[in-house]
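Undergrad: The primary structure of each chain is shown beneath.
2 protein chains.
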Amino acid sequence: MAAGFSLAAAGQVVAQTDPLPSWNQGAAKTAILDFVAKVTREGGPDYVKPAERIATFDNDGTLWAEQPAYFQLLFAFDEVKRLAPQHPEWKGKEPYRSVLAGDMKGLAASGEKGLLQLVAATHGGMTTEAFEKSVADWLATARHPTKKRPYSELVYQPQLELLAYLRANGFKTFIVSGGGVEFMRVFAEKVYGIPPEQVVGSSGVVKFAIGPDGKPQLLKQAKVEFIDDGPGKPVGINRFIGRRPILAFGNSDGDLQMLQYTVGGSGPRLALIVHHTDAEREWAYDRKSSIGKLDKALDEGRAKGWTIVDMKTDWKEVFPPARP
Amino acid sequence: MAAGFSLAAAGQVVAQTDPLPSWNQGAAKTAILDFVAKVTREGGPDYVKPAERIATFDNDGTLWAEQPAYFQLLFAFDEVKRLAPQHPEWKGKEPYRSVLAGDMKGLAASGEKGLLQLVAATHGGMTTEAFEKSVADWLATARHPTKKRPYSELVYQPQLELLAYLRANGFKTFIVSGGGVEFMRVFAEKVYGIPPEQVVGSSGVVKFAIGPDGKPQLLKQAKVEFIDDGPGKPVGINRFIGRRPILAFGNSDGDLQMLQYTVGGSGPRLALIVHHTDAEREWAYDRKSSIGKLDKALDEGRAKGWTIVDMKTDWKEVFPPARP
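Sequence lines, in order, name chains A and B. Residues 1 to 324 in the UniProt record's numbering are what the first sequence lists, from first letter to last. Residues 1 to 324 in the UniProt record's numbering are what the second sequence lists, from first letter to last.
Derived from the structure by calculation, the hints contain no laboratory data. Some hints here could point you the wrong way.
Just so you know, same-sequence chains aren't split out, so a pair can sit in one copy or run between any two.
As the list claims (entries may be wrong) - Listed next, the in silico DSSO-like pairs over lysine-lysine satisfying Cα-Cα at most 27 Å (straight line):
id : residue 1 : residue 2
1  : Lys-207   : Lys-293
2  : Lys-172   : Lys-49
3  : Lys-190   : Lys-172
4  : Lys-81    : Lys-49
5  : Lys-223   : Lys-91
These numbers were taken from a predicted model, which means no experiment stands behind them.
Pulled out of the complex, with its shape left as it was, chain A reads as follows (with noise of 0.2 Å):
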């Protein structure tokens, strides 16, 4: 935008061509839209240089959906099946008895340590290649319990304008996400436009070494090198893109720490929540949810005037439309 474009003609021009089609007019679409007209304005004074337009957003809850569970770990509920043949000895050992019952009581009572066996086992033992075509074969079938849909097709069709929107004014979109790095980028690239280099996420440790046909190799360990949750999120921010980011989003605690970080810089800040609100439409949950549990986000956000979506009145459409 040329420095002197008048901020009523550019009100205009965002009028006439909504960038933000699906989100409703609202606090928190003109807090979008205002942020970026600023932040983009050449000689104004909150302009922020391309380089330094960096946004990052949580993945599960903010730019898909995580209910009843997050869907990496229902991909390893499916993958135990998957591979119960090969294992016959996991019909009685938990907690591979409970995922192959569907004992979901079961599953619970062996608890996190329970859950993370299932991920070492299902995320472990095998070449990032063999992993990553275990994720692309599972999102090519898998559907959803209750949606019926492909997790794929489970993102949030406003947040996907917004990717594009802050891309189309300069900005490199991050994912910064508790989810595992290697399970997210199969398919952030085709369905966020996020390259691989621009996920961040939880790893476990992987090796190198020569395979067995004298090419090289990453074997993926059953042990977890780095948890980007809570505050692993502002310390994965500052490892992997190096520079503070000016506008986050999250939905839940354990984006906290990264609301924090973005806003405790200097110049134009923007940190923005998802609160689930729509029952109807997608899930209703926040302070009590064992998953996605949003209570001193939203109290530290009120707070101090972060922008709240509530998903019921501030998004127009939640998912996109089907496939045909």
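Could you slot chain B onto chain A? The hints should help.
TA: Frame of chain A; chain B shown alone:
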């Protein structure tokens, strides 16, 4: 380049406006130009989509010099001297005493453990922002002990041209170095045109905390987190970039696995090694050097037809002209 545009014509254009003027005509330059021509030729058998044109460069000895010691280590020595007034106990304590006395024999006696102590004392116990400032201040004032130039001028002019040439042809250029990621990011954008998010390196543990001023901060700890060297390089590439490079450039055995991993993929690949053969303009060292040892990678590179760049004969210029 449009499909059907003839190779001969492309050769003429290159000759007319040489994108690599500091490279002498020879096998190395030809290998680079041919590789870039074929991966960018739309419709050709070796065409690579821009998103997959990942090029990774080692830093020490590949993009800038590394003698008489890694520059980051010289920074640590200078920092010990700068901080000594606040640490009167250092005068009687190794390895600090040796550094302060300029006693390189005494320092050598403290071994790798001593060097790690020095790095911990000068790279930890501060915020990431304070560290960034200390590196920037040092780069602005320090001079190389024998070349008498700022360290950031001891970068290789032919490599600056190569980085720019690759980017002009749709490549995304990354640093993948054993050096500290936060150290390199201070100058990588200005000197190499490589933004912070495209720098992969070794790192220390960083903790998130709310500071005494109520502001969030990232505190560097005196503990190593990840060593991006040797087999750590393909691991770092997988973790940070998530895509196998099609071109990699190194200069030492610490780059061997990165080069193996790069050529191990399908499709066109280019592996390059700087061989330091120029005792007059730079330094001459390889198999027996304690810094930047090039032995196994030289053998494997020659055996497998990787491009070995002979600094003395392949580079018309080594360093850029001194800044006025």
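Undergrad: Determine for every hint whether it applies to the structure shown.
TA: Verification of the hints:
For a Cα distance limit of 27 Å, the shortest separation of Lys-207 from Lys-293 across copies, 23 Å, qualifies, whereas the shortest one inside one copy, 34 Å, does not. Within a single copy, Lys-172 and Lys-49 get their C-alpha atoms as close as 11 Å, and across copies as close as 20 Å, so both meet the 27 Å cut-off. Within a single copy, Lys-190 and Lys-172 get their C-alpha atoms as close as 16 Å, and across copies as close as 19 Å, so both meet the 27 Å cut-off. Proximity of Lys-81 and Lys-49 under a CA criterion of 27 Å is satisfied in neither setting, with 50 Å inside one chain copy and 37 Å between copies.
When the C-alpha separation of Lys-223 and Lys-91 is checked against a cutoff of 27 Å, the pair qualifies only within one copy, where the shortest distance is 23 Å, while the shortest distance between copies is 43 Å.
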